[in-house]
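S.K.: Please put together the full structure from these sequences, using the hints given.
2 protein chains.
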Amino acid sequence: MTDATDHLVLFMPSGKRGRFATDTPVLEAARQLGVHVESVCGGRGICGRCQVEVQEGVFAKHGITSSNEHISAFGGNETRYAEKRDLKAGRRLSCSAKILGDLVIDIPQDAVVNAQVVRKDSDGRVIERNPAIQMCYVEVEEPDMHKPLGDLDRLLQAVEADWGFKNVTVDAYLYGQVQQILRKGNWKVTAAIHEPLHGGPATLVALYPGLKNEAYGIACDIGSTTIAMHLSSLLSGRTLASSGASNPQIRFGEDLMSRVSYVMMNPDGREGMTKAVREALNELIDKVCAQGEVDRADILDAVFVGNPIMHHLFLGIDPTELGGAPFALAVSGAVNVKSSEIGLPLNPGARVYMLPCIAGHVGADAAAATLTEGPHRQDEMMLLVDVGTNAEIVLGNSSRTVAASSPTGPAFEGAEISCGQRAAPGAIERIRINPETLEPRYRVIGIEPWSDEPGFDEAAAKVGVTGVCGSGIIEIIAEMYLAGIITEDGVINGDLAARSPRIIGNGRTFSYLLRDGEQRLMVTQNDVRAIQLAKAALYAGIKLLMDKQGIDHVDRIGLAGAFGSFIDPKYALVLGLVPDCDLERVKAVGNAAGTGARMALLNRSHRREIEATVTRIEKIETALESKFQDHFVNAMALPNKIDAFPRLAEVVKLPERSMDTAAADGVEPGAARRRGGRRNRS
Amino acid sequence: MTDATDHLVLFMPSGKRGRFATDTPVLEAARQLGVHVESVCGGRGICGRCQVEVQEGVFAKHGITSSNEHISAFGGNETRYAEKRDLKAGRRLSCSAKILGDLVIDIPQDAVVNAQVVRKDSDGRVIERNPAIQMCYVEVEEPDMHKPLGDLDRLLQAVEADWGFKNVTVDAYLYGQVQQILRKGNWKVTAAIHEPLHGGPATLVALYPGLKNEAYGIACDIGSTTIAMHLSSLLSGRTLASSGASNPQIRFGEDLMSRVSYVMMNPDGREGMTKAVREALNELIDKVCAQGEVDRADILDAVFVGNPIMHHLFLGIDPTELGGAPFALAVSGAVNVKSSEIGLPLNPGARVYMLPCIAGHVGADAAAATLTEGPHRQDEMMLLVDVGTNAEIVLGNSSRTVAASSPTGPAFEGAEISCGQRAAPGAIERIRINPETLEPRYRVIGIEPWSDEPGFDEAAAKVGVTGVCGSGIIEIIAEMYLAGIITEDGVINGDLAARSPRIIGNGRTFSYLLRDGEQRLMVTQNDVRAIQLAKAALYAGIKLLMDKQGIDHVDRIGLAGAFGSFIDPKYALVLGLVPDCDLERVKAVGNAAGTGARMALLNRSHRREIEATVTRIEKIETALESKFQDHFVNAMALPNKIDAFPRLAEVVKLPERSMDTAAADGVEPGAARRRGGRRNRS
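Here the protein sequences line up with chains X and B, keeping their order.
Reminder that position 315 of the first sequence reads as 314 in numbering that gives the first Met the number 0, one-by-one numbering, no gaps.
Reminder that position 643 of the second sequence reads as 642 in numbering that gives the first Met the number 0, one-by-one numbering, no gaps.
Just so you know, these hints were derived from the structure itself, not from any lab.
Some clues are possibly wrong.
[As the list claims (entries may be wrong)] Take a look, some chain X residues computed to stay more than 12 angstroms from chain B by CB distance:
#: 1; residue: Ala59
#: 2; residue: Cys356
#: 3; residue: Asp567
#: 4; residue: Gly589
#: 5; residue: Arg656
[Stated by the list, open to error] Distance condition first, Cα-Cα at most 27 angstroms in a straight line; then the derived DSS-like pairs of lysine-lysine:
#: 6; chain 1: B; residue 1: Lys83; chain 2: B; residue 2: Lys165
#: 7; chain 1: X; residue 1: Lys618; chain 2: X; residue 2: Lys652
#: 8; chain 1: X; residue 1: Lys618; chain 2: B; residue 2: Lys146
#: 9; chain 1: X; residue 1: Lys187; chain 2: B; residue 2: Lys618
#: 10; chain 1: X; residue 1: Lys652; chain 2: X; residue 2: Lys547
#: 11; chain 1: B; residue 1: Lys187; chain 2: X; residue 2: Lys146
#: 12; chain 1: X; residue 1: Lys618; chain 2: B; residue 2: Lys187
Each residue gets a CB set at the ideal place from its N, CA and C atoms; glycine is no exception.
M.R.: If you want it as structure tokens, here you go:
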């Protein structure tokens, strides 16, 4: 027998470790180290939530020889549990299993207790669980004439004794229900306790008779165009359903600024838009509940993110102030309300949390993306861009983070492009141009082969080829540049009309014919200019942040949002949308905002983390920075008039740079400044 | 010049004192000593709430020579304030006036700032103010693109900087209003901040543009028969209006038990009764607001007390469990909800506080009466009795307090008495019987002269003499005993029929004819028995508490409630309703429950005090005490079969005690026990 306090226990995946006396329950050891192991029943061996696995072997690096012989024998509560429920071989209940020697303990992330099918996990990310709402099973003393404490008061006594929550407050709706629930559960109940983030008493938000071994939450990104929602188990962390819908506010205006105008010009405009988005959210909740086979009343927590205008309209706040300088947010800090207070019928005690907004144009969605990608958690300098519409830009590392928004306008969504369209079947999304022949080949959404492969024409006849989507527009401009069709100043070279019938003159300028036929798709000089203006605005914003950081290159780039997911990093660099970077370190990060919402849903520490981070992020107002104009003009060139792209040049043969640095035709001084006036577009 | 830290300052009426440096503002000195001085503007000299007065003279006891020369000269903010508003001669603004020497400072309780007429103060009691809701005037930084903190966040920053409230949470309804209010007030606003009693962040519950120099609260005692409400200024403490109404639940049942039965037998019974009482409260709120010329939306806080069944029905809790053993309260602790959550439209952020209940039959009203009379604050042993219906009894001093209820039944309200009626015009309320002639003289509600004085008959012809009210019944039984008409065992002595025509035989027993004529008013043997049963139950309950305390007499007696206000302490003692006591120390304490509610409204420390006190009060369940039966049988006698009343005997000539201690005729063993079954009557 080793010394009583000599057992080294390492918990994975957290890597936290400590020494514990013989017979310490594994759950207790985890608690002492701050390792979150779920437990609803408080160690009674009935909920099965606290499953762990012993990793056997010699872990030389940690100096641990871990063995199933170093843990108490399977039995007691575990046997009883395994008889009634499914307990995988090798799994132990950490409330019952006791430490007898050195151990490496794995906390599996898939301890599925109920029979629910996990249909889809929104991404592969494992989020350590520590939800804001804790399910606490308690056994309450029966009423006693000698001790006339109320039923609720005895319940709260039990919650304090077993779970340590003191002075617990109570949601008003429960006063009228507590006696019936206690009697229905025969004095055994599960209390859902919400613990506030910044101190103070916790709150009893829901109460269930008997053992309630599940609780759910939703995480939702309210985009101006699309709403994405995930339904997750607060106990296992698993995502049970994910769904999306169009934002019905689109009928009030496609872009954000037109929605703000609608509010300003219609007396009931704000109410109408708030109602529309909440109705859409309600329908989405129905949808994910049906998919996940979850009762809506079992949803106890919800996290929402969105850009500032979506954030305000969702909360019922008039966004008019966001429509003009100084772009004052009504509230920038994290918002905590009850779902019932904002017209979302979930459990009557359900809570809603919204991440903080970073600035008037850098919203809770950008905060959520920051939480997901964590520039503030790493030493490398990371650039995080949500290439929306109004681009949200975060740049930083563990020592300093800065953020800004940039008025890219709607060109990237195809709105100012002659052949532009939404990403939908029939839209060209990939393009290559042969630099010799200037002939294009392309790929169309909904059609498997490329345009020069067998079967394309038949499929195209069926699906139609109707336009070019955002990622396609990036590629075609970049490919035109790489093929020499446009100069670094963005001028379509009319001399090439002699070489190819695809170069077509229209008055003073030229166009490139992408596809002929019933629906002619052309890239005009104006289209190129629109993309130049948009990318120059984005780049100038990024450049201002780089100036603040005092750096001339970034280590990593994350491209967030739907648009970011589809553009090819190479073309983003060729176009000079983002600064030079090792191509392998430029990544689409998907719906990082939605993932951040899910992190905040499943772990309250992430709420604390992002709230603290946002207060430290320095906000740059691009409109107030005198250098914005210079950066903007330089960024009109492809990829940039003065910034070099050496890392890109290692993998892509860039055209020779011309010595002529004159302002490009058609870009008048002041174009950048004027864009400031439409910073809220889309 | 004296030493810089050498000025002794004494604040009255609190008596707190300390030494302060020259130039310390008086308000600051008060804050440091924990002396509550109201201030809405935070020391800017504009609200006028922080008025004080210098007491001039030599205060030898305190070693202070106080003089107006020991305070800075009147001027600056004070002059500006006095030009615009009324500032009484001698009054100083403590935020502006600075300490220059030793001072005795009086904090007046009548610093009326607005022109409101104070119509009525519910009693003479001065309650030190420290309300749960504080009005905090702040000046908020305007939005700045360089520091994109939200409007609300900057407001909360100002509240923290000027008032010290950290991590303030926000009532959800304010999110949509904050921007408009800030702009309307030109960035000067008054925040109403609610500070929780048991730690944790305070909450912003209301927000007003500019300086909001008033806030109101209501204090209400919901009796089973009558509802009493006071409207008070949270800032000055003054009561602006008081009003009362019948409890409309009477239509569901006169006494409490019949209301519980109604709930049990009617599916919507609970909803109906909750609705009825809330409607009545709403009407009363309208009434006190009209009287006090106060806008209902300016009511920010409300305190309610009531017996357990009223408490539960008001909160929307089914009281069925209170209808039978073990008489389980749904909640016994103090209740904190928003007024909007219980259907009382006040300010949308208004809070509601209910005092704790002591036990299943000793409610928040008894707790409030305890708070008012404070047996727990004194060394003397005080008995506090609400001689209702179900009597609530508290007995204690600063070292120990015990409480119980006793099933007195409705006799004291006249319900089981042949000539009984409510206290209303036409009811006999005072009676004297001439021991020689056995002739009565009496006084009737609504008639000024006594029955043997000129003018009585004319008035009686108009008003009518229709019955005897509760206090009259006590007096007539006591006077009959003193006159020898009834024996100490409660038997009407038939031998006296020979001496007086007022003694009339009916079969085996006799009656006393109180008034002849159109409406004959008799006191029958059954009437005497009913009062004996009621008073014996009350006395037995008191006696159990005295046993617990190990005492044979009490130092003081407080008779609470409407009934307690009208009975003559002497007759209560003659009858043996309460134990022997110095007559001068038996006092009616009025609506002590309503006063307690007002104390909790105006001073949050009183909430803390009563919550702590109630947890320490020992609850005695009379039905479980074996000695209850013995005490009850002994208490059937007048004043008591075994307990002496020596202090009473000093002022009242009591009849000789008979040696015969046999059980009185008609009181079968078990009568007391059976009464236990109707402990919830009325």
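S.K.: State for each hint whether it applies.
M.R.: Hint-by-hint comparison with the structure:
{"no.": "1", "hint": "Ala59", "verdict": "holds, 47 angstroms"}
{"no.": "2", "hint": "Cys356", "verdict": "violated, 7 angstroms"}
{"no.": "3", "hint": "Asp567", "verdict": "holds, 33 angstroms"}
{"no.": "4", "hint": "Gly589", "verdict": "holds, 27 angstroms"}
{"no.": "5", "hint": "Arg656", "verdict": "holds, 36 angstroms"}
{"no.": "6", "hint": "B:Lys83 to B:Lys165", "verdict": "violated, 34 angstroms"}
{"no.": "7", "hint": "X:Lys618 to X:Lys652", "verdict": "violated, 37 angstroms"}
{"no.": "8", "hint": "X:Lys618 to B:Lys146", "verdict": "holds, 7 angstroms"}
{"no.": "9", "hint": "X:Lys187 to B:Lys618", "verdict": "holds, 26 angstroms"}
{"no.": "10", "hint": "X:Lys652 to X:Lys547", "verdict": "violated, 31 angstroms"}
{"no.": "11", "hint": "B:Lys187 to X:Lys146", "verdict": "violated, 52 angstroms"}
{"no.": "12", "hint": "X:Lys618 to B:Lys187", "verdict": "holds, 26 angstroms"}
The structure fails to meet hints 2, 6, 7, 10 and 11 from the earlier list, while all remaining hints are met.
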